[in-house]
Amino acid sequence: MSDASFRYITLVASLPYLGPLFSSAHLPMSRYRLEQRLSMLEAADRQRLERLTHVVSWPGVAGCSADAEVFALFEEACDAVQPYPALMELLRERLESRMLVAALRLRRDGGGDPAPVATWGRGSVARAIRANWSEPTFGLGRARPWLRDAQALTARGDHIGLERAVLTEIYRQLDRMSAHHRFDFEAVALYVLRFQVIERWQRYDTERARSRLETLLGETLAGAERSSVGAERGLAQ
Amino acid sequence: MTDLVLVLGWFGLFAPVAFGAIGSSIGCARAGSAAIGAMLDTETGYGRFIGASLMPSSQVIYGIVIMFSLQRDPMTAEAAAGVFGVGLLAGVALLYVGIRQGEVLASAIVAAKAKPEIFGISLAPAAVLEGFAVFALVFALVLSGTIPG
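One line per chain: the protein sequences are A and B, in this order. The first sequence begins at 3 in the working numbering and counts up one residue at a time. The second sequence begins at 1203 in the working numbering and counts up one residue at a time.
Note that these hints are calculated values from the structure, not bench results. It is possible that part of the hints are untrue.
Just a sample of chain A residues kept apart from chain B, beta carbon distances all over 12 Å, derived [claimed, not checked]:
| # | residue |
| --- | --- |
| 1 | ALA70 |
| 2 | ASP81 |
| 3 | THR170 |
Derived Cβ-Cβ restraints for the label pairs, each shown as a range [stated by the list, open to error]:
| # | chain 1 | residue 1 | chain 2 | residue 2 | range |
| --- | --- | --- | --- | --- | --- |
| 4 | B | GLY1333 | A | SER4 | 40 to 50 Å |
| 5 | B | GLY1333 | A | ASN134 | 53 to 63 Å |
| 6 | A | ALA45 | B | PHE1216 | 24 to 34 Å |
| 7 | B | PHE1341 | A | SER126 | 54 to 64 Å |
| 8 | B | ILE1323 | A | PRO30 | 32 to 42 Å |
| 9 | B | GLU1319 | A | ARG202 | 24 to 34 Å |
| 10 | B | TRP1212 | A | ASP177 | 29 to 39 Å |
| 11 | A | SER4 | B | VAL1344 | 35 to 45 Å |
| 12 | A | PRO147 | B | PRO1327 | 52 to 62 Å |
| 13 | A | SER32 | B | VAL1336 | 44 to 54 Å |
| 14 | B | PHE1270 | A | ASP177 | 27 to 37 Å |
| 15 | A | SER126 | B | ALA1316 | 37 to 47 Å |
| 16 | B | GLU1319 | A | SER4 | 56 to 66 Å |
Just some of the chain B residues that point at chain A, by a computed CB distance under 10 Å [unchecked claim]:
| # | residue |
| --- | --- |
| 17 | GLY1234 |
| 18 | ALA1237 |
| 19 | GLY1247 |
| 20 | ARG1250 |
| 21 | PHE1251 |
| 22 | ILE1252 |
| 23 | GLY1253 |
| 24 | ARG1274 |
| 25 | ARG1302 |
| 26 | GLU1305 |
| 27 | ALA1308 |
C-beta: ideal position from N, C-alpha, C; glycine also.
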């Protein structure tokens, strides 16, 4: 029994319960406080965790200009978490989910040409996408039921709905994996990834709220301007 | 040969205390680590988290009781085989229970932190494990009465 295992126990016990996705309006702790708690980890684990969270977060891959760069980032992250097969599996699944969502969008925008998918490697999902380009769920609907919803939402252009469906699936996957890890590095990593999903959804929600507020303010101000102009005209007459 | 049997007898005599102490220390350390972590995240209930984390300490106490019941003065070759068998197996049982108790208590503390109302019931698995350790204790005492010497 190593010191690290006791450290994981203390760290996991110090992290607040996250609860189901979409259930709470606020995160149970701030990002700052989470980072403070994660400082209990050893430097190597901390680095590993950063690699992992960087590659699965949207800002982490947003700077990539080519698909190859994204694949290279995933490869690097896989190397970093090599001692933890569950996390490698998670990365693989996350990459596949990204490929599927990207393929849905590509098909909606680009129509019948699956040419860009040729650069997505030789994995089973990339192969299935290329082989079943015209099928609604690329022939993967049975293994990945969420794809049916995602396909329908993409076709309707419901971006928020799609985001919600994808995040729900990711969160479910993380929850399922968490059941097998209580007090180890994987448990900490899965907690941080779930935290990231909630944070992303809430930020997304905040952005939506801000844009709605801006629209409402714009409408109200325009209405007030119109009525003040009308009042001035009335006074002038 | 007799010397070896006597050595094994002494080994069996102290095994419940040694293994019990190892089990208790690992169990208490695991549950204690969880209690410390839980205290970082909560404003109340510190006492009950620490109290629960001390539960595995009973294993070493049971070990001491078994050791006294197995003690023979002087240790003879006839008694040594029985003392070795009963002492060693009782010690292993106490060690295992102590470690597993630490695990379930750590889980109980984490769960009770999120949902304080389940604190009592979350200790039930640890209490059941304690029951198994008591079985090991009682039957070691019963068998020690049948060992000659």
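Results of checking the hints against the structure:
The Cβ of ALA70 of chain A sits about 42 Å from the closest Cβ of chain B, beyond the 12 Å cut-off, so the non-interface label holds. The Cβ of ASP81 of chain A sits about 30 Å from the closest Cβ of chain B, beyond the 12 Å cut-off, so the non-interface label holds. Remark: the non-interface label on THR170 of chain A is consistent with the geometry, its nearest Cβ contact in chain B lying 21 Å away (cut-off 12 Å). A C-beta distance of roughly 30 Å is found between GLY1333 of chain B and SER4 of chain A, which places it outside the suggested range of 40 to 50 Å.
Range check, GLY1333 of chain B to ASN134 of chain A: Cβ separation about 57 Å, and the 53 to 63 Å hint holds. With their beta carbons about 41 Å apart, ALA45 of chain A and PHE1216 of chain B fall outside the hinted range of 24 to 34 Å. Restraint check, PHE1341 of chain B to SER126 of chain A: a C-beta distance of roughly 56 Å satisfies the suggested window 54 to 64 Å. About 23 Å separates the C-beta atoms of ILE1323 of chain B and PRO30 of chain A, a value inconsistent with the hinted range of 32 to 42 Å.
Restraint check, GLU1319 of chain B to ARG202 of chain A: a C-beta distance of roughly 31 Å satisfies the suggested window 24 to 34 Å. A C-beta distance of roughly 52 Å is found between TRP1212 of chain B and ASP177 of chain A, which places it outside the suggested range of 29 to 39 Å. Under the hint 35 to 45 Å, the C-beta atoms of SER4 of chain A and VAL1344 of chain B, about 39 Å apart, fit the expected range. For PRO147 of chain A and PRO1327 of chain B, the Cβ-Cβ distance of about 34 Å falls outside the hinted range of 52 to 62 Å, so the restraint is violated.
Look at SER32 of chain A against VAL1336 of chain B: about 46 Å separates their beta carbons, and that is inside 44 to 54 Å. For PHE1270 of chain B and ASP177 of chain A, the Cβ-Cβ distance of about 50 Å falls outside the hinted range of 27 to 37 Å, so the restraint is violated. For the pair SER126 of chain A and ALA1316 of chain B, the beta carbons lie near 38 Å from each other, so the given range of 37 to 47 Å is met. Here the CB-CB span from GLU1319 of chain B to SER4 of chain A is close to 34 Å, at odds with the stated 56 to 66 Å.
Checking GLY1234 of chain B against chain A by beta carbon gives a least distance of about 9 Å; that is within 10 Å, so the hint holds. The closest approach between the C-beta of ALA1237 of chain B and any C-beta of chain A is roughly 7 Å, which is under the 10 Å cut-off, so the hint is satisfied. Residue-level restraint check for GLY1247 of chain B is violated (minimum Cβ-Cβ distance to chain A is 13 Å; threshold 10 Å). This hint is violated: ARG1250 of chain B has a C-beta 14 Å from the nearest C-beta of chain A, more than the 10 Å allowed.
Contact between PHE1251 of chain B and chain A, as hinted, is supported at the beta carbon level, the nearest pair being about 9 Å apart and thus within 10 Å. For ILE1252 of chain B, the shortest C-beta to C-beta distance to chain A is roughly 12 Å, which exceeds 10 Å, and the interface hint is violated. Proximity of GLY1253 of chain B to chain A is violated relative to the hint, the smallest CB-CB distance being about 15 Å (cut-off 10 Å). Against a cut-off of 10 Å between C-beta atoms, the interface hint on ARG1274 of chain B is violated, since the closest Cβ of chain A lies about 34 Å away.
Hint status for ARG1302 of chain B: violated, given a least beta-carbon distance of 13 Å to chain A, over 10 Å. Of the supplied interface hints, the one on GLU1305 of chain B holds, with its beta-carbon coming within about 8 Å of a beta-carbon of chain A, less than 10 Å. Interface hint status for ALA1308 of chain B: upheld, as the beta-carbon distance to the closest one in chain A is roughly 5 Å, under 10 Å.
Going down the numbered hints, you'll see the structure goes against 4, 6, 8, 10, 12, 14, 16, 19, 20, 22, 23, 24, 25, while the others check out.
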